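*Asks:* For reference, the chains in residue letters:
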Amino acid sequence: MVTTAAQTAKPATVVKPRRKPRIQNGYAWLLLTPGLLSVLLLAVWPMVLVGRNSFATSDQYGAVTGGFTFESYLALFDPVYAKTMGYSLGIAAINTVLCLIIGYIVSNYIVAQSPQRQSLLLLLLIVPFWTDFLVRTFAWITLLGNGGPILWFAHLLGIPLDPLVPSQTAVMLALIYAFLPTAVFPIYASMRGIDPSLKEAATDLGCGWWQTHARVIAPLSTPGIIGAALLTFVPTLGVFVIPVLLGGGKELLVGNLIVTLYTEFRNQPMGAALSMVLLVLMLLSIAIGALLLKARKRSA
Amino acid sequence: MDRFLGWVTKLVLVFLYVPIVAVVVYSFNASPRTSSWEGLSLRWYVELFGDGPLLKTLQTSLIVGIFAAGLATAIGFLSALALTRYRFKGRAFFLGAIVLPLIIPEIVLGVALLTVFGSSGIKLGVVTLVLGHLIVALPLTTLIMMGSLSSLDPSLPEAATDLGCTPWQTFTRVLFPLTRSAMLASFLLSFTTSFSNIVISTFTSGVGTTTMPLRIYSMLKTGITPEINALGALLILLTLVIIFAVGLQQMRRILVGAEEKDQAPDAAPDTISLQTATTER
Amino acid sequence: MKRQALVAVAAATALVLTGCASGSDTGSKDSTELNVYAWAGEVPDSMVKMFEEETGIKVTVDTFDSNETMISKLAAGGSGYDVVEPSQYAVQLAVGQNLLAEIDYDKIEGMDNLMDKFRDPSFDPGNKYSIPWVWGTTGLMYNSTCTGGEEITSWSSMFDEKYKGKIYMLDNMLAAYIAGLQINGFSANSLDEAEVAKATESLIEQKKLLAGYNSTNYDELVVSGDACIAEAWGGSSVAEAVATHDDVHYVLPKEGGTLWVDNFAIVADAPHTDAAYKWMNFMLRPEVAAIATNEDYMSTANVAANDLITDKTMLDNPAVFAPEDQLEKSEFIVDPGEAMRFYQDGWTRVKAS
Numbered sequence: 001m002v003t004t005a006a007q008t009a010k011p012a013t014v015v016k017p018r019r020k021p022r023i024q025n026g027y028a029w030l031l032l033t034p035g036l037l038s039v040l041l042l043a044v045w046p047m048v049l050v051g052r053n054s055f056a057t058s059d060q061y062g063a064v065t066g067g068f069t070f071e072s073y074l075a076l077f078d079p080v081y082a083k084t085m086g087y088s089l090g091i092a093a094i095n096t097v098l099c100l101i102i103g104y105i106v107s108n109y110i111v112a113q114s115p116q117r118q119s120l121l122l123l124l125l126i127v128p129f130w131t132d133f134l135v136r137t138f139a140w141i142t143l144l145g146n147g148g149p150i151l152w153f154a155h156l157l158g159i160p161l162d163p164l165v166p167s168q169t170a171v172m173l174a175l176i177y178a179f180l181p182t183a184v185f186p187i188y189a190s191m192r193g194i195d196p197s198l199k200e201a202a203t204d205l206g207c208g209w210w211q212t213h214a215r216v217i218a219p220l221s222t223p224g225i226i227g228a229a230l231l232t233f234v235p236t237l238g239v240f241v242i243p244v245l246l247g248g249g250k251e252l253l254v255g256n257l258i259v260t261l262y263t264e265f266r267n268q269p270m271g272a273a274l275s276m277v278l279l280v281l282m283l284l285s286i287a288i289g290a291l292l293l294k295a296r297k298r299s300a
Numbered sequence: 001m002d003r004f005l006g007w008v009t010k011l012v013l014v015f016l017y018v019p020i021v022a023v024v025v026y027s028f029n030a031s032p033r034t035s036s037w038e039g040l041s042l043r044w045y046v047e048l049f050g051d052g053p054l055l056k057t058l059q060t061s062l063i064v065g066i067f068a069a070g071l072a073t074a075i076g077f078l079s080a081l082a083l084t085r086y087r088f089k090g091r092a093f094f095l096g097a098i099v100l101p102l103i104i105p106e107i108v109l110g111v112a113l114l115t116v117f118g119s120s121g122i123k124l125g126v127v128t129l130v131l132g133h134l135i136v137a138l139p140l141t142t143l144i145m146m147g148s149l150s151s152l153d154p155s156l157p158e159a160a161t162d163l164g165c166t167p168w169q170t171f172t173r174v175l176f177p178l179t180r181s182a183m184l185a186s187f188l189l190s191f192t193t194s195f196s197n198i199v200i201s202t203f204t205s206g207v208g209t210t211t212m213p214l215r216i217y218s219m220l221k222t223g224i225t226p227e228i229n230a231l232g233a234l235l236i237l238l239t240l241v242i243i244f245a246v247g248l249q250q251m252r253r254i255l256v257g258a259e260e261k262d263q264a265p266d267a268a269p270d271t272i273s274l275q276t277a278t279t280e281r
Numbered sequence: 001m002k003r004q005a006l007v008a009v010a011a012a013t014a015l016v017l018t019g020c021a022s023g024s025d026t027g028s029k030d031s032t033e034l035n036v037y038a039w040a041g042e043v044p045d046s047m048v049k050m051f052e053e054e055t056g057i058k059v060t061v062d063t064f065d066s067n068e069t070m071i072s073k074l075a076a077g078g079s080g081y082d083v084v085e086p087s088q089y090a091v092q093l094a095v096g097q098n099l100l101a102e103i104d105y106d107k108i109e110g111m112d113n114l115m116d117k118f119r120d121p122s123f124d125p126g127n128k129y130s131i132p133w134v135w136g137t138t139g140l141m142y143n144s145t146c147t148g149g150e151e152i153t154s155w156s157s158m159f160d161e162k163y164k165g166k167i168y169m170l171d172n173m174l175a176a177y178i179a180g181l182q183i184n185g186f187s188a189n190s191l192d193e194a195e196v197a198k199a200t201e202s203l204i205e206q207k208k209l210l211a212g213y214n215s216t217n218y219d220e221l222v223v224s225g226d227a228c229i230a231e232a233w234g235g236s237s238v239a240e241a242v243a244t245h246d247d248v249h250y251v252l253p254k255e256g257g258t259l260w261v262d263n264f265a266i267v268a269d270a271p272h273t274d275a276a277y278k279w280m281n282f283m284l285r286p287e288v289a290a291i292a293t294n295e296d297y298m299s300t301a302n303v304a305a306n307d308l309i310t311d312k313t314m315l316d317n318p319a320v321f322a323p324e325d326q327l328e329k330s331e332f333i334v335d336p337g338e339a340m341r342f343y344q345d346g347w348t349r350v351k352a353s
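Residue numbers (this note's numbering), protein chains in the order written: chain R, 1 to 300; chain P, 1 to 281; chain D, 1 to 353.
Incorrect hints may appear among the rest.
[To be verified] Estimated spans, in silico, between C-beta atoms of each pair:
| no. | chain 1 | residue 1 | chain 2 | residue 2 | range |
| --- | --- | --- | --- | --- | --- |
| 1 | R | R117 | P | L238 | 57 to 65 Å |
| 2 | P | T166 | R | L198 | 30 to 38 Å |
| 3 | P | R91 | R | I159 | 56 to 64 Å |
| 4 | D | G185 | P | L55 | 48 to 56 Å |
| 5 | P | S119 | R | Q60 | 19 to 27 Å |
| 6 | R | L74 | D | S46 | 30 to 38 Å |
| 7 | R | L284 | D | S156 | 47 to 55 Å |
| 8 | D | K207 | R | L30 | 52 to 60 Å |
[To be verified] SDA-like, lysine to any residue: derived pairs with alpha carbons at most 20 Å apart:
| no. | chain 1 | residue 1 | chain 2 | residue 2 |
| --- | --- | --- | --- | --- |
| 9 | P | K56 | D | E52 |
| 10 | P | K56 | D | E33 |
| 11 | P | K10 | R | L173 |
| 12 | R | K83 | D | E52 |
| 13 | D | K117 | D | A352 |
| 14 | R | K83 | D | V303 |
Simulated from the structure, these hints should not be mistaken for lab results. Treat the numbers as computed from the prediction; the structure is a model and nothing was measured. Even glycine gets a Cβ: it sits at the ideal position worked out from N, Cα and C.
Starting from the given sequences, assemble the full structure and let the hints guide the process.
*Replies:* Structure (structure tokens):
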């Protein structure tokens, strides 16, 4: 993820291959101390504990009792977990694709505006996310549910519409809602770096809208698109509130399963093992994204 | 085609505001059930202001948010400075470790943090809440600051040092003025992350420090009243006030991430998106 | 910057400490404190105020949304809580992890006020660690307009094709298995692998008929008619819905009733044990116990409080107080212990199917 953020920034900022001073290593470490301390104590240490617990056993009261076993990992070979993981990956992929399409359209529109208007539009995109997540989700439940305005309007027009909560449609809607800015911002950032004259040139050479985008704009915004894809895909896998509240909790997402393992099943070792698997999967997807970027940069 | 896509964009914006409008409208609903409409009423605002415990949690959330965001911004700035200006061993490790909280399901991190705090004898409370939120916000602020600093001409702080400025002077006279809006962006974004966090707060809050989202979440189990909508509506109002107080012009600079020239818009927006990624779980 | 960080943390601590102090306006400087960790909506404000006025003890009430959260907080040590409110099976878990203090009954008065059913319960023999506070049943909530006037009396209606897409189950493993086990004629507390497997099959079969799993706003869904039938926990908002809507009903299924009960218990490392005992004695008083019913539609375990319930219809509201004959044959849902793995395996299959 870091690589993406750093690399998407590069084409526009043109980092010259400057020598980075090695002599001041001591000063660098001094600057890094607070961050390093925080990360070691609050991220790495806890993760070591999680890793450790994934090999531990727990007693019938849910307390982790130590020991060393691969049982938790072996239990994950049950097809039921593969199915959950597969379903989560599917949902994440669909959400990512939809967010990317909308994100591309929105970014393309915003980039064409005057700088003043661009900022206003970006602001408008982010402001809804400064309100409480649960409050917003419940607003969706109210809107889509029975007695909500959407059903009322449909009935007024004589359309027999079932309440949309709970449904997979509602889950998708809420996921897109939640991740839309995530998709817009990186694509926008990378589109902004594109010289507008390229688009004009393409049009002058007789390229239609579709060709201009397929051959010029989209390839040039690839870093942003890959960044947006990662930022949407990875966190969607960990979602658990939306499927429960809007989807009726009938479909199990991996984030949801981990919560259940930690709470109701009081099987922390297995929850930890599943998290480690998820961690590896996500790191892999990030690494692949980074490699794709690198390959692209080389070919460019 | 472009005109058509313009309309799509406008529809998307409307889509983003639909639930927000609903929150405000339903906060005036007389009915205790959000599923039916029984006429206008200010009843829920009255109940909200009489709900001491809920307002207390708002206070807790604000305090935690401000401190977590302040710390995350400061630490993120320092780390980003080291990461962008120096090459050293362990750089990749640090970057990898800092994004861990983005990847790991929050409940896993939360329970592990609880164990860490428990075994090191730190009493659960505002301090642990701030620390828990800090680690979730740190990747955002570090990445924003890295974006901002890497677009900065490195010769400026170097020149300052060459001219005999102490590191502190370099910071106050050169770096801070140049990265001020990125810092504000970091602060606002990490504040939002902290302010809306549920899961980490569950495991890091202590006696008397229930946060507002936690309170709302536990209210769900016993029955949701439009009081929550009233609270939501007021928070929106608060947001608008903040926006106007900070000033549209200022916000423009934050969002576009342009310090002095318009050529490096990537950094801040790029990482703003990270924030939503983490808040929406 | 690091020093600033430290200063900031210190300042934050100070701010909150002063915030807490200014929040309390009762008692003198050296008045003791009591920290209660309970389910949201089960400790009425007026009860807390009454206790504070009477004893001069400053009470802090924090709420949790799951037993497991509460237990993990206690298990981490040094939580600072004195009194917690675990549900019946959670008492077993907490006791198993040595998180609760044994209650010294020399210091307790008023146990006689409790209903017989809650003296010496199966999950905590001899009330060694916990004293019941409010209780309820797990039953069926239905909307008779939606069912076309049909009376629902059995779990079988929740497995009936007729109500397809209008049925909600509680999004809770133990609760779901009550229906799954009882419809097959097994005990809701079954520890038998084959029985749990059979129940799992039924639940998977049932899933096709469900609108969803919901343990948050299912009562609203029944009231609005989005749901015809929902598995429901009695008490609070369900009881209120039954009381205020003629077509909303709550019944215990004829296959057998099950009970849940939320209990007060003293934490093993409670910093204010004396205050905790004062709280236990206080909540056992009939006039205090009646507050839970009068204000929050919860059924009190305190039978002596019945005379003090202002709205007598509540005594006949099945979503508050289960009818005596049904209560008699109802059993507590206890922890499955080692059999948990059958349930985990089964419930994962149900949810992933």
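*Asks:* A separate judgement is required for each hint: does it hold in the structure or not?
*Replies:* Hint check results:
Taking 57 to 65 Å as the suggested C-beta distance range, the pair R/R117 and P/L238 does not conform, at roughly 26 Å. Checking the proposed 30 to 38 Å range against P/T166 and R/L198 shows it is violated: the Cβ atoms sit about 46 Å from each other. Under the hint 56 to 64 Å, the C-beta atoms of P/R91 and R/I159, about 59 Å apart, fit the expected range. The hint said 48 to 56 Å for the Cβ distance between D/G185 and P/L55, and at roughly 51 Å that hint holds.
Look at P/S119 against R/Q60: about 23 Å separates their beta carbons, and that is inside 19 to 27 Å. Distance hint for R/L74 and D/S46: a CB-CB separation of about 54 Å, inconsistent with the stated range 30 to 38 Å. Between R/L284 and D/S156 the beta carbons are some 48 Å apart, a value that agrees with the proposed interval 47 to 55 Å. About 58 Å separates the C-beta atoms of D/K207 and R/L30, a value consistent with the hinted range of 52 to 60 Å.
Proposed proximity of P/K56 and D/E52 is supported: the alpha carbons are some 18 Å apart, at most 20 Å. This hinted pair checks out: P/K56 and D/E33 have alpha carbons roughly 18 Å apart, not beyond 20 Å. A C-alpha spacing of about 17 Å is found between P/K10 and R/L173, which places the hinted pair at or below 20 Å, so the restraint holds. Restraint check for R/K83 and D/E52: not satisfied, since their Cα atoms lie roughly 54 Å apart, outside the 20 Å limit.
For the suggested pair D/K117 and D/A352, the alpha carbons sit about 38 Å apart, so the restraint of at most 20 Å is broken. Among the hinted pairs, R/K83 with D/V303 is inconsistent with the structure: their alpha-carbon atoms are about 50 Å apart, more than 20 Å.
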